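Q: Going down the list, the protein sequences come from chains F and B. Going by the working numbering, the final residue of the first sequence carries number 433, and the count climbs one at a time with no gaps. Going by the working numbering, the final residue of the second sequence carries number 433, and the count climbs one at a time with no gaps.
Worth flagging that the hints you see were computed from the coordinates, not collected in a lab. Since we're looking at a predicted model, the values are computed, not measured.
Which copy is meant is left open, because identical chains are indistinguishable; a pair holds if it fits in one copy or across any two.
The calculated lysine-lysine pairs, modelled on DSS-like cross-linking and capped at a C-alpha distance of 30 Å, are: (1) K246 - K259; (2) K246 - K233; (3) K341 - K263; (4) K277 - K246; (5) K259 - K341; (6) K341 - K233.
2 protein chains.
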Amino acid sequence: MTSSTALLTDRYELTMLDAALADGSYARESVFEVFGRRLPLGRRYGVVGGTGRLLELIGRFRFGDAELEWLRREHVVSAETLDWLADYRFTGTITGYREGEVYFPGSPILTVEAPFGEGVILETLVLSVLNYDSAIATAASRMVHAAGDRPIAEMGSRRANEDAAVAATRAAYIAGFAASSNLEAGRVWGIPTMGTAAHAFTLLHDTEEEAFRSQIAAMGVGTTLLVDTYDVKTGIETAVRVAGPKLGGIRLDSGDLPKLVGKVRAQLDSLGATGTKITVTNDLDEYAIAALSASPVDNYGVGTSLVTGSGAPASGMVYKLVAYRNESGDWVPVAKNSDGKASIGGRKVPVRHLDSAGIATSEVVHIVTRRPPRDAGRELLVTLMSGGEADASFLGPDGVKAARAHHRRAIEELPEEAFRLGAGDPALTTLFV
Amino acid sequence: MTSSTALLTDRYELTMLDAALADGSYARESVFEVFGRRLPLGRRYGVVGGTGRLLELIGRFRFGDAELEWLRREHVVSAETLDWLADYRFTGTITGYREGEVYFPGSPILTVEAPFGEGVILETLVLSVLNYDSAIATAASRMVHAAGDRPIAEMGSRRANEDAAVAATRAAYIAGFAASSNLEAGRVWGIPTMGTAAHAFTLLHDTEEEAFRSQIAAMGVGTTLLVDTYDVKTGIETAVRVAGPKLGGIRLDSGDLPKLVGKVRAQLDSLGATGTKITVTNDLDEYAIAALSASPVDNYGVGTSLVTGSGAPASGMVYKLVAYRNESGDWVPVAKNSDGKASIGGRKVPVRHLDSAGIATSEVVHIVTRRPPRDAGRELLVTLMSGGEADASFLGPDGVKAARAHHRRAIEELPEEAFRLGAGDPALTTLFV
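Based on the sequences and whatever the hints tell you, model everything.
A: Given below as structure tokens:
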């Protein structure tokens, strides 16, 4: 994890920097803000994901010889700008919502304060990380709620870009998933990993029984056997005959699950395998999970729908300049007026209002270039990076644990209607004051 | 690009290996096949993406100290299996469709031949790369066709995981996109990059005019000015006043484009800027591009819809054991019979039948464990890796160029109906013989 992230950047950021270095405006103290104009698909809340990853990636946003040489050869920027980039290191301040926090339309999720030149070139990296990870965390949180007390394992790595898969696993865990199949996510982020066997293992052996015997010899009777390669009923008979009634679990990866699971439970019970757990993994999403709530499922495994954000694979967050300090030392709020894409200028301080029972009632965003906040609501901003140094508590596996715990707390504040799966309005209204 | 890819793997692959090493079945010569059961969203054809990337990533699928130590600590596999992994290097053969080739339901896109233990642990890496890159290439190819002769630039990095973004850019270029905003894709894959300025640059300056003057001073009058920060009409007046009628281009990133573009062209022409090009970049997908075909657009920029596969962010490809060689030396075709997810056993050799005009008529897949192929159709398989060594012609920027050229040829063979944007049947029927 030492390679440069500096070219994970859209070319226009460097050409803007080039022009701003030439005209002097690069040094203007600036405030950039990340927000989403709306929640996707009529969802009721969003979940901030990626913050801890982002802080590490910004630490590696340095232009080394390979990057500079390529920029020179391609004439992307001037020689002066190359010199400036060679010394580049982000020295500004980043505040934002905690990772795992919930957000609503217009919530100022991240605020980057730095000279324009330092901040403008982070746009793509910031958005790539927050847009993808938040899309996954948002979908995952709905699935976790739909599953109730039953654990969900993340198994979608094969349906996402190989690096995105690790990020998706991390985001899902923050939003309450119990474990993942992805080993790299285990190694790097400390996420519990799980998994036993695929159909290939059964197919490789001359009989299903031989495959089950081999798996039990290697992993013990507590393992989970995949029983649907040929015929589920026969598979379960064989599984319990081979493992005995102490068999840990069986997995179903096909079929009409709401119908099948009850029969499977009855068969297991009739064979004395009353403690054998049932894991289902067949193209599940939050709706399929909810539809199985009355079925005797013990564990869910979710793949494709998780890593693709269950219909919303990108969160739609944008990174906008909202204020700069002019030569007189005054902060100037700025906003574009583009048709359908207008923004709100000024630095912002968001708080969440709660009622006496601790349930959130609104998201109040103070535009502090207008007046300073005086508000009893829960403050939503924390300092993530200061003087270019990340707060270590947000990094690595500890940061993941903290974000997971924070998500659980943030969710507890939400009103009942936040958890409806149907499309509708955001659970909280965002007020700009 | 030297870090290990070995843990971009689902845990069950290593636990299967563990059991197979213990029972001896790990050494069975095996054939694994990648295919998709269907094309997403009623599309007419799919495009294979990611092959060149995959070959490089398999070359880095080695277990180093960091990976082995973590596996040991987590008790994922036995000590014997750890020793085996320490020496692991893929030594098998990989054949497959060329990158950029089109494919249909059941097309055997990739075939991995190796001892079971060597092949089984590549499943997740193979699928992650092919599923994501093919999803992007498939969406991109439709967009390129919808755009006709007008170039499309890829600008979606901010709406995808930061590493996935580089892969998406590469896949889009293979499918015919002209350029990308992503600098890392330029550096690593040799893809042309583009981009000039965002709204932030205009907002940072005291007036739009100052911003335009600065940009032109740095980049010349051939640059493209973003004119919709405040008011498009005024923006264009200012742009042409500052740059003169030789202004290279203007960009529109908002508004009702089919209505707006005609007016903008007329305004530019009336100002004498008849050669100034119009680039549009507002939430485009293949349908929006098609809807602009009668408007005087010169260049499209596509972001979110490209990197999210325009509604189908994962291709749904699977990696299945289809044959193994038993102790008598006979090849045994294997297939699972799972409800709704049955597979077809046996090694396969696909060819594409063409009519006398060179137009494809069907995808014929010979199951060679049944009988050897004798077929005048175009052979679809090439050897990508042999004895664990990749064919260098598929790697790096040269591999990307070759894939792009191949895609153009493959597309020319498709019948007219393949290019309909509406949902429907695959353009070719796949026949298993």
